[in-house]
Amino acid sequence: MPASPFVPLSRWARCALGRSWEQLHDILGHASLSARYLLVSLLAALVPLAATVVLYDRYAADLVIRLADQRLESRLTAAASKLADFLRTKVFQLETLADFPELAAIAHTDLHRLDERLLNLLRYETDAPDVYGVLFFDEAGRMLAALPGHGGSTEGAPPWGEREFSLGTLPRVEFQGTELIGPLLPQDGRPGWFLLRRRIGTEPVSIALQVRLASVTELLTGAALDVYRPVLHTPDGRFFSEVGTELRVAAPLISGPEIAPGWFPAMLRETAELPSPGASVRYVMLGLATASAGALLVLFLRLGARMRRRIAPLVAGAESVARGELAIHVPVEGRDEIATLARALNRMSAELRALIRTRVETEKRAALGDIAASIAHEVRNPLATIKTSVQALGARETDPARRELVELIVEEIERINGVIQSLLSFARPSEPEKSEVTAGELLRRVAALAGSMAEEARVTLSVLGERDLRFHLDVGQVQQILVNLVLNALQAMPRGGTLTLRAYRDGPVGCLAVSDTGVGIPPELVDKVAEPFFTTKPGGTGLGLAVSRQLAEMNGGRIEIASEPGAGTTVTVRLPLATTEVTHEDRAPGAHH
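Add 2 to a position in the sequence shown, counting from 1, and you land on the number used in our numbering.
Hints were generated in silico from the structure; no laboratory data involved.
Some hints could be false.
Simulated crosslink set (EDC-like; lysine to aspartate or glutamate; CA at most 20 angstroms straight-line) [claimed, not checked]:
#, residue 1, residue 2
1, Lys389, Glu416
2, Lys530, Glu260
3, Lys389, Glu406
FRET-style restraints, in silico, Cβ to Cβ [claimed, not checked]:
#, residue 1, residue 2, range
4, Ala394, Gly478, 32 to 38 angstroms
5, Arg469, Leu410, 38 to 44 angstroms
6, Thr400, Glu555, 50 to 56 angstroms
Built from N, CA and C at the ideal position, the CB exists for glycine as well.
Take these sequences, add in the hints, and give me the full structure.
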């Protein structure tokens, strides 16, 4: 089997993939996330492709060699069969001539004195372009006579142009009972030839066919294969081409079956490498690898730019949180991991705001509790004494102007006491005492308390909605919430308007809404009006909505404010419904199925 004529692609692949793991680790350690993904993806895409190309290249090389060996063996066997058939044909022709006993007379007479019938037979047998003639030799090997054949008459002067004809230097081998002599190289303008010689009976005379050498080598013409050229090897170690000329052979040969001792066809490789049938496939794969690398590079450049664009708001948001700026909102795009991270960051900032607000309110309430306790001890007791003394003085006062002044002093003392009570209620609220009550009952009480005040303010009061909703809460605290909201609504409508109390259901939650058509609240103040001590009213304490929100949360609910400047405000108190109410509502839809 010949050695591989390929320069395999595996050398290039081994060089390309020969980087050390330390270098790769160093590259990955200093690259950005997108660059790492790009490198890993390129390796994941190109390494298997390169391995496939290498394996295919090796397989193709082995396959070509095996196929070449098989085809060479087949071609050489076919060529040897043709050569053997040709020689056997000539041997049979020679045997036919040697079987004529009359030919033995050539030892005692001249060729031209033979019987005319025998001469015609000799001429007939030699009438072929590949036979130069029929030669007769004595026992010593000297040529006795020669009868030119068809080939000898067309090639010019026959090789026996002179009578002396020596065979002493020519190689001789035995082929099927016949002596195969030669070949003789072309020289002096005469063609190359070889002899097939056989003894005639028991006479000391032999007959030989002088065969054209090129007629044998021409049989190799169809055996050529790719870069392999067929040649003929002869017993003297010479090689002949398809046209019968001698070749100087230095490269190794692939020998075929021997047709006679020293005679066999062979294949001479004319180039160093065999053509690879997979070369085009290799180039296609390399092109695909290059295209894949380019496509991955473009894809990751675009993805990297998009990722940086989407990560920039996250970085800015995180830096804002680090600076304490919690009122941020990172835009959310899509539903991928970055969008999940953006939602988590928004949720974190909102929870931090709520946590800080809760801690601040807790600290405020703790501080207010201390202040309220101090005020209750240091202010309310003296105020009670002052109030009692002023009332006693007023009872003995006969001057109407002074009596009115005393009454004003008492009213101011009551107002101060109310402020202190509100402060105490906010700082140290009492735990709710819950009971079941309907929405209609709550709204009726609030409407009764606010009816006269609404009439004085030229405000139309209306009660709407589902009055049979049942709540489980502290009636006094929720009533205080609604009264505070109604008072705020009346103060927001100095020129009159409409005040609406409405009850409705929102899933498992019941809603009590107080709506007015007053001046409204600016958008930037909506989130602040429920904070303690924040007020827009002259002389206000800023505790009304704060206390209301606190009481709503203590009853398991919350307050929502929606306002539009110039169009009015709606404050909704969302409270949990009673358990029996929720269970009845949950079961009601099932009755229709």
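Hints versus structure:
1. Lys389 <-> Glu416: holds, 8 angstroms
2. Lys530 <-> Glu260: The given pair, whose Cα atoms are some 111 angstroms apart, is violated under the 20 angstroms limit.
3. Lys389 <-> Glu406: Between lysine 389 and glutamate 406 the Cα gap is close to 15 angstroms, so the pair holds against 20 angstroms.
4. Ala394 <-> Gly478: 32 to 38 angstroms: holds, 33 angstroms
5. Arg469 <-> Leu410: 38 to 44 angstroms: For arginine 469 and leucine 410 the Cβ distance comes to about 42 angstroms; the hint holds.
6. Thr400 <-> Glu555: 50 to 56 angstroms: holds, 53 angstroms
In summary, the structure is inconsistent with hint 2 from the numbered list given earlier, while agreeing with all the others.
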